[in-house]
Structures are given as structure tokens and as C-alpha cells.
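S.K.: Listed below are the residues making up each chain.
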Amino acid sequence: MTDFDHELLDKPRRGNWFDRFQVINLGVLTLLAILSRVYLPRLIPNTSFLELPLLLTIYFSLSRRSPVASLLFGMAVGLIEDSLAPSRLNPIGMNGLSKTLVGYFAASVSLRFDVDHVALRFVLSFLFYLFNAFLYWVMQRALLAQNVPFGVMDTLIYGALNAAVAVPLFLMLDRFKMSRT
Amino acid sequence: METLLSRYRSVTVLLIAIVGQLILLAWQVKTNQDVRLIRVWAVTAVTPVADIVEALRRNTIGFLQDYFILLDVREQNRRLQADNSKLKMENHFYKNELATAERARALAAFQPRLPSKTVAARVTGSATVSTARAVFIDRGSTSGIEKGMAVVTPDGLVGKVIAAYPLASQILLVTDPTFSVGVESTNHVRGTLNCKSSKECTVDYIQNEEKVQPGDAFYTSGEDRVFPKGFPAGTVISARPGQLMKEVHLALSTPPSAAEEVLVILQGVHEEIPESATPASGVTRLLPPPPADSSGAPHALRLETEADKIKERYVELGARQNHVFGAHGSGVPNFNAPVDPAQPVGAAAASKPAAPSAGSGANQAQTANPPAASAGANTTSTTAPAAKSTPKSTGPVLPLGAPRRKPEGPPQ
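Same order as they appear, the protein sequences are chains Z and V.
Take the first sequence: its position 178, counting from 1, is numbered 496 in this note's numbering, and each next residue is one higher.
Take the second sequence: its position 321, counting from 1, is numbered 338 in this note's numbering, and each next residue is one higher.
Please keep in mind that the hints were generated in silico from the structure rather than gathered at the bench.
Note that the structure is a prediction, hence the values are computed from the model and not measured.
Heads up, a few of these hints could be off.
For the chain V half of the interface with chain Z, some residues (derived, Cβ under 10 Å), not all of them [claimed, not checked]: (1) Val28; (2) Gln50; (3) Ile55; (4) Arg56; (5) Asn94; (6) Leu97; (7) Ala144; (8) Ile179; (9) Val253; (10) Ile254; (11) Ser274; (12) Leu334.
Simulated pairs of lysine to any residue, SDA-like, Cα-Cα distance not exceeding 25 Å [said to hold, decoys possible]: (13) V:Lys216 <-> Z:Ala394; (14) V:Lys103 <-> V:Lys134; (15) V:Lys103 <-> V:Pro194; (16) V:Lys246 <-> V:Thr322; (17) V:Lys47 <-> Z:Phe367; (18) V:Lys103 <-> V:Glu114; (19) V:Lys105 <-> V:Thr61; (20) V:Lys228 <-> Z:Met457; (21) V:Lys216 <-> Z:Leu461; (22) V:Lys105 <-> V:Pro171; (23) V:Lys328 <-> Z:Arg406; (24) V:Lys213 <-> Z:Arg459; (25) V:Lys228 <-> V:Lys134; (26) V:Lys213 <-> Z:Leu462; (27) V:Lys164 <-> V:Arg95; (28) V:Lys246 <-> V:Gln93; (29) V:Lys164 <-> Z:Gly469; (30) V:Lys216 <-> Z:Gly469; (31) V:Lys164 <-> Z:Ser405; (32) V:Lys47 <-> Z:Thr473; (33) V:Lys246 <-> V:Ala268; (34) V:Lys112 <-> V:Pro194; (35) V:Lys164 <-> Z:Gln464; (36) V:Lys213 <-> V:Gln230; (37) V:Lys47 <-> Z:Leu361; (38) V:Lys134 <-> V:Val146; (39) V:Lys213 <-> Z:Ser405; (40) V:Lys246 <-> V:Ser215.
Note that CB positions come from ideal geometry on N, CA and C, so glycine has one too.
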């Protein structure tokens, strides 16, 4: 048993998100994250790289520490995102699949590591962004037969930027959650 | 079994979720159909909120600007911009009409046409996928918008409607890599416009032999059945021969992603593509036609060959003997009769108003001009007005596309 294991056992489980954060708040946050994808690029140019729905999925998964709830949340966010994208280029299920896996793996990671540390959150957000982008690209090529190139440099830069946004965003959501409890 | 499922509950749920979405994806790809109901729900739920946010932003900023900074200049500016857009559209239409009329050299070509019927809309949001260049507008099927309609601004192309929902529509921008537009240059060179971004647009499928130069303007050709013919697409910035086809790079008339207010074309009207204003290099320059005689008589054609001289002699002999060529029962004129040497050959025929010789002369005079006229498409006269005025006096003005009758004259 490591110190972290003891800490996990001592600390009450973070579950019961719905008691703290409440479903309605989660719904509003999800809607805002989706809206940000739709609206933010119009308001602030060159912000289309910002994947707030993905960051919210990662945050929810890391905080909830429940693979089932996290994968279902990721799937719901991804499917809503898909339904607002052009059907010919992005059939429903593309983002759903990738965010389902992101949610599941993020929750699995949170069961093994202390994910409250800022640096770890940065790294995890960066890695999950890369995982999501790569998985989406693989599905574009394999499932949709779309011959799209994978911009490695762009993905790395955008991943770093998203991770940089994730750190203060997660802190803000932490405070928001604490104020509710 | 139950223990196994409860032990691997999360993996089981994950597998079910993945398999379910894969089946949904496979069904969409295989049948090429969309799960429209989910999209309608999502768009109908999200776009009103986006509209509210947009309205809040607009009104908040507008309020501050209107009352604290610029009073009502913003409203006036918006009105003027709307007027300007409308006038630009009208101006563009009339310019095309005028160009058509000049090319046809006939007022009859001004056929009463209605310009495209449009509905104005405001861009409210972008697509959620960064790889797709698509936006939402605040007008939907309740405003008459349907899938496949073209979206433009007075300055150029924006995209096409790929989904029409009750209160909003989704527009695929022309800068999307999967979007192609049929275009045609002012020199009637046709190609396909493809863009990787608003700064990387090419016109593909142009043969190396075709004449395309930097500065040439491209317009929609209407062949894609989306955009009406004659809308400005862009200007060539570079053109060079490629391995198979010409590599033509185009600068779009307007960046579609910057458009705030757009026009959706409900009923498109094809317009003519204006002719090139500047002559392309390599085009043969012709001198202007010679000035008419002071007497006002049509310019007589100088006959050169022996056959021409023999023909003229026979026409003259026929005129002297009051013979009408081709008339029933008039017999055959005496072609061996002597011709008065005091009169030069052709003078008698020219002085007489006999139909065959006059008609022949007129025909010959008419046929003297067509080379210059027909070359007008590829050549340029140094004094265009003089060249243009000549055909008007030689024959009736026909509308564009009307069948042309052969000129009547004596048997050749």
C-alpha cells in the first residue's frame, strides 16, 4: 500500500457528483462548452482550436473517477458536438466515439493517480487532446475514407494551448464545485 | 455470468457504447443518410441560445457605442451598409446586363430579367468541428431556405446550405477543402475552384494550352447547379503550366469566413459573364476599318482574281442585255457580245440598279467585314467605337442567340 492508496482510502470518494455539482449545473456547463465551439470563433478570431467540450469531459472524468459515468458523459458531449457539425464530413458518432474513450481512460487514470496536481493535469490534458485528435483522424481515414493529413505540429501546439487553458479552467471549476458544497 | 458482468461492468458499458456508435456510423456511411432528428433537436436547442448570446453581445456593444461613443452612427452605418450591399448587387447585375448588350450590339438583348431572389441572414456561429469550415446563419426553412442553396455576399461567394433547420441553417464555406465551384474566366476558360483556405485557392482542370493570366477575373459558370452563372469568384494571382494541367492560383473576391451578413439565393438567375476589359497578350491587334467615302457610298471591294473578273464581266453583260439571272424563261445571255471599251469593266454594272449586281456588291461588302468582326472575340481594334458601329448599318440587329438567316443574293 502506497501513501496515495492510503489517501484514497481515507478520503471520501469524490462520487456523488450530482449531490455537489447538481445535474442542472453540469448541463449548463456542457451547453456553454458546446456553445463555445459554435460561438467563440465568431467572437474571438483564431479560437477554433479550443476544445472546451473535451476539457470538460476530461475534468468530469478526473473528478468523478467513475469510468461508466465518465464514458457516458463523454459520449453525450461528443454526440451533441457531432450533431452540430456538417453531416457529410462528420457523421454522428465520430466525436462520440473519441470522447467516450477519452472519458473512460481519464477516469481510469484518475483511479490510479492523484490527478489534483496542476502539472499532472496539464500533462493529462495535453495527452488526452493528442489521443482525441489522433483517434478522430484515424476514424476519418478508416471509417469515412477521408484522405486528410495529420498535422503533427498543429496538433502539438493546439494540445499545449488546450492544456494551458485546462489548468486555470479546472481550478475555476474546482472552486465552483467547492462553493456549491 | 452475473458476477462477471458486474466485475467488468465499466468495460461492458464501454464496449456497448463503442459498438453502438460504430453501428450508427456504419449505417450513416453505408446508406449515406443522416440522423436528422438528433441534429434537428441539437441545432434547435443550441442555436436559439447562440442567437441570444449574439443578440446580447450585439446589443450590449451596440448600446455602448450608440449612446456613449458614436450615438446613432452605428445604426446609420448598418443601414448604409445594407443599402450599399443592395446597390452593389444591383450594380453588378446591371453591369452584366450592359456587358451583354454591348457584346450583342443590340438593345434587344436587354431582355427584362429579374435578378436572383435572395433572403438576408446573419452569421451566428461556427461548426463544432475545426476541420470543417462551416457556419450557422439565423435563417432556416421557415424563411424558405432549403438544402443546396447558394450563399453569397455582394462581393463574392460564401458557400452553400448543407442543412436547413427550422430556425437556422448550416453553411459550408467555399474555403472548405471538400467544396468545389464551377468557374469561368472572362476569356471563357472553364475550371473548378478548390480552396484549402481563404488564401489558398486554385482553379483546377484547366488545360495548359488555355490562356489564363494574372489579373484575369473568374466568375461562377453555373455548371455546379449551386451558384448562378456570373457571380464574381476571384482574380488570378498566378498561372503557370503544370505537368498535366495548368496551375492557377486565385484570390477570392471576399474571404467567406469574414462575412457577417450574407444573402441566401432562393431563386437564382444566371447572368452573363462580362468580357475581359484588358486585351490578353498574344492577341492580334487589327487596324480600325478604313473611313467611308465622302460620297457615303459603301466601300467597293477590289476584285483580284481572274474568276472575279470573269464573273463581273458576265454580270455586266447580263445587265446590258436586261437578263435576270435565275429568272424563269429568261434564256441564256450572250456572253460573247462585245463590251464597250469606253467604259471600264464593272462601271456599267455599278451604275445600274440591277438587283443581282447590287446584291452581289452588298454581299461582298458585307463579307469584307466579318473577318474583323469575328476576330473581335480574340482581337482588339484600336478604335473600338468605329469597329462596333459598322455592323449596325449593314443589317438588322438580332437578339443574342436568335437564328441568323443566310443573306439573300444572286446565285454565285
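S.K.: Next, verify each hint and record whether it holds.
M.R.: Hint by hint, here is what the structure shows:
Contact between V:Val28 and chain Z, as hinted, is supported at the beta carbon level, the nearest pair being about 8 Å apart and thus within 10 Å. For V:Gln50, the interface hint holds, since its Cβ comes within 10 Å of a Cβ in chain Z; the closest pair sits about 9 Å apart. The beta carbon of V:Ile55 comes within 5 Å of a beta carbon in chain Z, closer than 10 Å, and the hint placing it at the interface holds. For V:Arg56, the shortest C-beta to C-beta distance to chain Z is roughly 5 Å, which falls under 10 Å, so the interface hint holds.
Given hint, V:Asn94 at the interface with chain Z, is violated; its Cβ is 20 Å from that chain's nearest Cβ, farther than 10 Å. Taken as an interface hint, V:Leu97 does not check out: its beta carbon lies about 23 Å from the nearest beta carbon of chain Z, beyond 10 Å. With a least beta-carbon distance of about 5 Å to chain Z, the hint placing V:Ala144 at the interface is held under the 10 Å criterion. For V:Ile179, the suggested interface contact is upheld, since its CB lies about 5 Å from the closest CB of chain Z, less than 10 Å.
With its C-beta approaching chain Z no nearer than about 26 Å, V:Val253 sits outside the 10 Å limit, and its interface hint is violated. Taken as an interface hint, V:Ile254 does not check out: its beta carbon lies about 24 Å from the nearest beta carbon of chain Z, beyond 10 Å. With a least beta-carbon distance of about 9 Å to chain Z, the hint placing V:Ser274 at the interface is held under the 10 Å criterion. A cut of 10 Å between beta carbons decides the hint on V:Leu334: the least distance to chain Z is about 78 Å, and the hint is violated.
A hinted pair counts as satisfied when its Cα atoms are at most 25 Å apart, and V:Lys216 with Z:Ala394 does not qualify at roughly 36 Å. Restraint check: the Cα-Cα separation between V:Lys103 and V:Lys134 comes to about 12 Å, which is no more than 25 Å; the hinted pair holds. Between the alpha carbons of V:Lys103 and V:Pro194 the distance comes to roughly 30 Å, so the proposed pair goes past 25 Å and is violated. Pair hint V:Lys246 plus V:Thr322 does not hold up; C-alpha atoms about 48 Å apart against a cutoff of 25 Å.
At most 25 Å may separate the alpha-carbon atoms for a hinted pair to count; V:Lys47 and Z:Phe367 exceed this at roughly 30 Å. A distance of roughly 17 Å separates the Cα atoms of V:Lys103 and V:Glu114; the hinted pair therefore holds under the 25 Å criterion. Distance check on the hinted pair: V:Lys105 and V:Thr61 sit about 34 Å apart at the alpha-carbon level, beyond 25 Å; violated. Pair hint V:Lys228 plus Z:Met457 does not hold up; C-alpha atoms about 42 Å apart against a cutoff of 25 Å.
The suggested pairing of V:Lys216 with Z:Leu461 is violated, with an alpha-carbon distance near 30 Å, which exceeds 25 Å. Proximity of V:Lys105 to V:Pro171 is assessed by CA-CA distance (about 6 Å); at most 25 Å being required, the pair is judged to hold. Taking the CA atoms of V:Lys328 and Z:Arg406, the gap is near 72 Å; set against the 25 Å cutoff, the hint is violated. A distance of roughly 18 Å separates the Cα atoms of V:Lys213 and Z:Arg459; the hinted pair therefore holds under the 25 Å criterion.
About 34 Å separates the Cα atoms of V:Lys228 and V:Lys134, which puts this hinted pair outside 25 Å; it is violated. Pair hint V:Lys213 plus Z:Leu462 holds up; C-alpha atoms about 19 Å apart against a cutoff of 25 Å. Between V:Lys164 and V:Arg95 the CA atoms are separated by roughly 29 Å; this puts the pair beyond 25 Å, and the hint is violated. The hinted pair formed by V:Lys246 and V:Gln93 fails the criterion: a straight-line CA distance of about 33 Å is larger than 25 Å.
Pair hint V:Lys164 plus Z:Gly469 does not hold up; C-alpha atoms about 32 Å apart against a cutoff of 25 Å. This hinted pair checks out: V:Lys216 and Z:Gly469 have alpha carbons roughly 18 Å apart, not beyond 25 Å. Simply put, V:Lys164 and Z:Ser405 have alpha-carbon atoms about 12 Å apart, close enough for the 25 Å limit, and the pair holds. Using a Cα cut-off of 25 Å, the hinted pair V:Lys47 and Z:Thr473 is violated, with the two alpha carbons roughly 30 Å apart.
Simply put, V:Lys246 and V:Ala268 have alpha-carbon atoms about 19 Å apart, close enough for the 25 Å limit, and the pair holds. For the proposed pair V:Lys112 and V:Pro194, the alpha carbon gap of about 32 Å is over 25 Å, so the pair is violated. Between the alpha carbons of V:Lys164 and Z:Gln464 the distance comes to roughly 23 Å, so the proposed pair stays at or under 25 Å and holds. For the hint linking V:Lys213 to V:Gln230, the alpha-carbon distance of about 21 Å falls within 25 Å, and the restraint holds.
Restraint check for V:Lys47 and Z:Leu361: the C-alpha separation of about 37 Å exceeds 25 Å, so the hint is violated. The straight-line distance between the Cα atoms of V:Lys134 and V:Val146 is roughly 31 Å, outside the 25 Å bound, and the hint therefore fails. Pair hint V:Lys213 plus Z:Ser405 holds up; C-alpha atoms about 19 Å apart against a cutoff of 25 Å. Distance check on the hinted pair: V:Lys246 and V:Ser215 sit about 21 Å apart at the alpha-carbon level, within 25 Å; holds.
Comparing the model with each numbered hint stated earlier shows that hints 5, 6, 9, 10, 12, 13, 15, 16, 17, 19, 20, 21, 23, 25, 27, 28, 29, 32, 34, 37, 38 do not hold.
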